[in-house]
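A.B. asks: Chains as they are written, first to last, in full-length UniProt numbering: chain P, 1 to 119; chain Y, 1 to 623; chain D, 1 to 336.
For the record, the hints were derived by calculation from the structure and aren't laboratory data.
In this text the structure is predicted, and so the values were computed from the model without any measurement.
Please note: incorrect hints may appear among the correct ones.
[To be verified] Here's a subset of chain Y near chain D, in silico, CB distances under 10 Å, partners left out: (1) M140; (2) F142; (3) N218; (4) L252; (5) F254; (6) F270; (7) F274; (8) G291; (9) G292.
[As the list claims (entries may be wrong)] Across the chosen pairs, the derived CB separations fall in these ranges: (10) P:F101 x Y:D435: 20 to 30 Å; (11) D:G285 x Y:F426: 44 to 54 Å; (12) Y:I422 x D:G146: 48 to 58 Å; (13) Y:F550 x D:L110: 52 to 62 Å; (14) Y:Y178 x D:I108: 33 to 43 Å; (15) D:D173 x P:L42: 49 to 59 Å; (16) Y:H192 x D:R207: 14 to 24 Å; (17) D:D173 x Y:V155: 42 to 52 Å; (18) P:I98 x Y:F546: 43 to 53 Å; (19) D:L110 x Y:S379: 46 to 56 Å; (20) P:F101 x D:E188: 54 to 64 Å.
Quick reminder that beta carbons are idealized off the backbone N, C-alpha and C, glycines included.
One letter stands for each residue in the lines below.
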Amino acid sequence: MSESKHSESSEPAPVSEQQVREVEKHMKKYVLIGGVQAIMVLIAVTVAVNVSASLQVLATLLVTCVNGLVIALILMHLKEEKQTIWKFLIFTAIFFFILFFLTYLARTDVITQTLHNHH
Amino acid sequence: MATAATTHSPDHGHGHDDHHDLGFWQKYVFSQDHKVIGIQYGITGLAFLFLGFCLMMLMRWQLAHPGLPVPSFLGPMLQKVFPAIFANDQNGHPGMLTADGYNILGAMHGTIMVFFGVVPVAVAAFGNYVMPLQVGAPDMAFPKLNMASYWTFFVSCVIMLSSFFVAGGPAKSGWTSYPPLSVISDSGPNVHPFFNGQTIWLLGMVFNITGSLLGSINTIATCIQLRAPGMTWMRLPFFCWTQLVTAFLLLLAFPPLEAAGFMQLMDRAFGTSFFIPTGLMVGGHLTHWSGGGSPLLWQHLFWFLAHPEVYVLILPAIGIVGEVIANNTRKPLYGYKAMVGAIFVLGFLSFVVWAHHMYMTGMGAKVSSFFQTTTVMISIPSVILVTALLLSLWGGAIRFTVPMLFATTFLPMFGIGGLTGIPLAFNSTDLYLHDTYYVIGHFHYVVAPGTIFALFAGVYYWYPKACGRMMNDTLGKLHFWFSIVFINGIFFPMFIQGIAGVHRRWYDGGVSYEQIIKPVLHWNNFMSASAFLLGATQLIFIFNFFYSIFRGRKVPNDNPWDATTLEWDTPTPPGHGNFTKPITVYRGPYEYSVPGADKDFTPQSEPPKSDKPAAAPTPALAH
Amino acid sequence: MEIPHTVTPRPDTGLYNAKLAIWLFLASEVMLFGGLFSAYAFLRMGADDGYWPHGLLDVPVGTLNTILLIISSVCVVLAWASLKMRRWKQYQAFLGAAVVLGTVFLVIKLSYEWNDKFHHFGTFIKKDKWAEYDKYLGNDYLAKKGLAPRPEITGHLHEVEVEVAPENKAQLDALIQKRGLEISKSEEGGKTLSIKVKAPSDAEALRNEPGVKIEAFEMALDEIYTDPTNPKYDRPGFWKRHLSEQVATIHADDLDSWSAFVPKHSSFLAIYYAITGLHGLHILGGLVMFIYFLFFDRALYLRNPEHMANRIEVVGLYWHFVDLVWIFVFPVFYLL
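Sequences and hints are given; from them, build the entire structure.
C.D. replies: In structure tokens:
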């Protein structure tokens with residue numbers, strides 16, 4: 001553990017020039033990613049408003065998924081994340097999709113279908 | 001018996017700790033020490049188990065003696081305290097369980113036993129107390145979070161208990177809270193629009209779930225991050241594996257139920273229609289809901305949690321049984337690696353079997369077939385686990401200590417519970433058995449003489465570590481033998497009744513259907529008598545538990561069972577910070593009776609002799 | 001004994017404790033929102049034709065909010081980078097900006113978006129009465145074009161016509177007085193009243209009043225219902241619904257249900273409020289943590305700046321996740 005030896009009032013020791021340059025390079029990347037995301041949101045809006053109704057849902061969700069991946073991989077550093085985290089996130093993703101299986105189950109249910117027919 | 005280890009003084013552990021000046025409140029009440037929190041969970045959970053059992057005894061009174069008031073002073077007293085549950089009988093005597101009251105007790109028995117009894121003891125108490133010790137950690141990874149989990153849980157307990165005292169009584173729509181019943185119950189002019197049974201139930205569950213989530217994060221982080229040097233994954237005691245998988249189940253299965261809980265809260269408080277279908281009629285009148293929802297949505301989200309929940313109940317129990325069996329057979333667990341693999345498969349599959357609780361909802365043949373297949377598949381890892389534990393007994397020099405009695409009994413009891421589940425996995429047989437006492441018998445064999453017996457094994461096994469004294473052996477054996485007889489007296493006749501068609505929700509025990517079920521009706525008396533005797537038997541345990549704190553035989557050393565795992569390397573009881581010396585692990589968890597060793601157990605922390613290779617044999621290959 | 005790996009990563013996993021824990025927490029959050037989103041899909045797929053509204057929400061405002069969250073998300077990661085360079089002032093500036101942006105997001109959400117809905121009014125017409133209201137609904141036209149029908153008439157509620165039993169008249173008068181409402185018309189000796197209401201909640205109060213039966217609503221129509229056969233309304237609009245001058249009378253007996261745009265209005269609004277409400281709570285939680293780290297955690301920075309940077313990294317991961325959820329909430333509710 002690298003506890004700082006400085007007294008309570010003074011600032012922590014500065015980090016090396018090289019590390020500062022490294023971090024600053026990353027900061028530029030983050031700003032760029034923010035811009036990319038904003039543009040992708042606008043693309044999603046444009047797609048949703050203009051694409052024909054049959055493709056609208058698919059196309060908008062596709063753009064959104066790409067946007068979401070950008071956040072997860074770059075802003076949340078998942079790209080460089082450790083194996084342990086990837087492992088349980090993959091399982092989480094699988095269970096997440098299993099959860100969506102129930103939308104299919106809804107369609108096969110006899111009872112709700114009957115109710116809908118009587119509306 | 002091998003050479004005794006020395007007894008460390010408990011204060012020694014405190015010497016290493018910065019916070020040894022904690023006052024009473026911080027030390028015993030708002031403690032951040034995983035062991036104190038574990039004990040808090042344990043006591044709260046055991047108290048709830050007893051409360052849940054008492055609710056069941058009242059139900060069993062009604063089933064055996066329909067319409068008769070609860071005897072002696074109890075009936076009038078209960079009616080005074082719980083006017084929503086009891087009423088006067090035909091002759092004006094107070095203390096008769098009402099039909100609504102019966103539903104209340106049923107709903108609360110299930111809720112309390114599962115969410116407030118077994119899970120807190122199996123997962124939170126043993127997980128908190130034992131798991132960090134076994135991995136060689138000084139505490140849980142996040143002590144403050146740990147405290148927060150307990151107090152969140154405690155708030156949920158208070159909320160849930162408070163529902164017994166509101167107008168209309170507590171939740172009465174089953175522990176599954178199926179809508180639309182649960183959405184329309186506890187409403188109307190005589191109950192508070194918000195502080196009523198079902199709404200409080202939902203609120204309590206939301207807190208309970210939040211507490212569980214925080215706890216499971218802590219457990220996983222501890223298990224992954226705080227393992228002592230040398231504690232590789234394959235040297236991890238089996239109990240820790242079960243806790244790890246259990247924590248993942250809680251972490252990923254509970255949130256959908258929390259979401260569903262929010263939605264049902266909105267249905268009740270804001271009049272939304274998440275679970276209310278279009279055109280719902282109640283009492284011949286169209287309801288005012290906008291409709292468009294589906295009761296099935298709740299069932300899916302509920303069972304998405306509640307099936308993994310079954311494995312949350314059973315996995316830690318299997319973990320405890322594994323520890324106790326290895327210790328008392330004086331040999332390694334048979335097939336340790338296969339068992340670890342099996343619990344992972346079990347954990348994964350438990351997420352894809354949930355709709356086997358819903359065969360009767362008319363999901364359609366395709367969906368039913370899918371869930372039937374996965375359900376049958378999940379029996380494979382369960383059988384691997386039980387078989388491995390059974391084979392672990394083979395050729396062992398078994399010491400029938402009290403924990404071992406409970407642990408060995410777990411095997412046939414869990415076996416009966418599991419095997420009677422197979423007819424329920426199949427669609428065609430389930431259609432007949434659904435909602436009969438057969439189902440009750442099946443899952444109670446898994447959780448009552450299964451899980452709860454394993455919990456007793458755990459209490460008797462780790463009690464000396466926590467208290468520095470052994471529990472009384474004679475009383476323990478009495479507790480065991482009476483329990484095993486009476487518990488089978490309750491649950492076995494349920495199979496007989498269930499196959500004969502006795503429905504699980506008959507409030508009068510089936511008297512109104514006497515023509516159909518006459519040959520099995522008399523079992524009600526037998527089962528209820530067994531239940532009361534089982535309740536009385538638990539007084540032996542309660543007495544023993546408290547008596548032994550003060551009068552029990554003092555432990556001869558820090559490792560009274562001659563065990564190998566790390567929790568026995570700590571002082572008795574362990575101080576804040578657990579270990580008095582840096583711990584390094586050199587070998588697998590169950591090095592019992594290693595040929596050539598000078599004693600019949602080799603603790604994980606014992607360094608290898610210099611003339612032997614450092615690598616420890618894997619336990620699976622040791623025999 | 002100290003708990004190991006609170007700041008420095010454990011060699012074999014490469015993680016410090018809190019990093020692992022926050023990802024575990026986010027995994028459970030994925031399942032929490034997963035439960036809600038799957039409920040969304042379940043309800044939407046189960047909805048009858050025309051009963052799942054499109055274009056109900058204000059897209060430009062939603063887009064603005066989305067972009068605010070994206071910027072705040074970038075600010076948080078920049079704040080973390082500033083700590084890595086040991087620039088406290090810069091860190092404060094970036095995290096402060098994130099707090100401001102998050103607050104603006106919440107204010108827009110609650111005081112504009114939600115509030116606007118609480119004042120909007122909708123009436124679902126019974127299917128067998130659609131023909132009577134076709135000049136507003138345009139369902140003949142929609143059926144010919146093969147489009148989904150419109151079951152609902154929306155707008156702003158002006159007046160409620162009620163019939164009151166004589167014995168409940170006094171009580172009703174007291175209610176009108178208490179809520180400061182105005183009676184515009186009184187017939188049959190006060191048996192039928194037209195009451196000017198200020199908000200749909202007044203109508204709810206009248207519904208719950210014993211002895212009072214609501215007969216009809218007078219409401220100013222949203223533009224779309226004044227010209228329902230105009231092809232420009234064939235696809236749902238994406239901008240704020242414009243109110244027209246035209247007033248329509250709708251009889252309560254012709255309705256399946258009526259309410260303001262509150263959660264109980266429809267499955268769509270129910271799940272909309274559930275998800276955006278829960279998301280808003282997450283924003284609130286994040287803001288509380290930000291404020292703590294901004295103003296009350298400098299001691300830790302001075303003692304152990306790396307630990308502080310870790311904290312911001314962890315809370316940043318949480319904030320990015322909240323942003324990520326919104327990235328999906330936005331199209332799912334506003335656009336599709």
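A.B. asks: It remains to establish, for every hint, whether it holds in the given structure.
C.D. replies: Quick rundown of the hints versus the structure:
no.: 1; hint: M140; verdict: holds, 8 Å
no.: 2; hint: F142; verdict: holds, 7 Å
no.: 3; hint: N218; verdict: holds, 8 Å
no.: 4; hint: L252; verdict: holds, 5 Å
no.: 5; hint: F254; verdict: holds, 7 Å
no.: 6; hint: F270; verdict: holds, 4 Å
no.: 7; hint: F274; verdict: holds, 6 Å
no.: 8; hint: G291; verdict: holds, 8 Å
no.: 9; hint: G292; verdict: holds, 4 Å
no.: 10; hint: P:F101 x Y:D435: 20 to 30 Å; verdict: holds, 25 Å
no.: 11; hint: D:G285 x Y:F426: 44 to 54 Å; verdict: holds, 46 Å
no.: 12; hint: Y:I422 x D:G146: 48 to 58 Å; verdict: holds, 51 Å
no.: 13; hint: Y:F550 x D:L110: 52 to 62 Å; verdict: holds, 58 Å
no.: 14; hint: Y:Y178 x D:I108: 33 to 43 Å; verdict: holds, 39 Å
no.: 15; hint: D:D173 x P:L42: 49 to 59 Å; verdict: holds, 55 Å
no.: 16; hint: Y:H192 x D:R207: 14 to 24 Å; verdict: holds, 20 Å
no.: 17; hint: D:D173 x Y:V155: 42 to 52 Å; verdict: holds, 45 Å
no.: 18; hint: P:I98 x Y:F546: 43 to 53 Å; verdict: holds, 46 Å
no.: 19; hint: D:L110 x Y:S379: 46 to 56 Å; verdict: holds, 51 Å
no.: 20; hint: P:F101 x D:E188: 54 to 64 Å; verdict: holds, 59 Å
Checked against the numbered hints given earlier, the structure satisfies every one of them.
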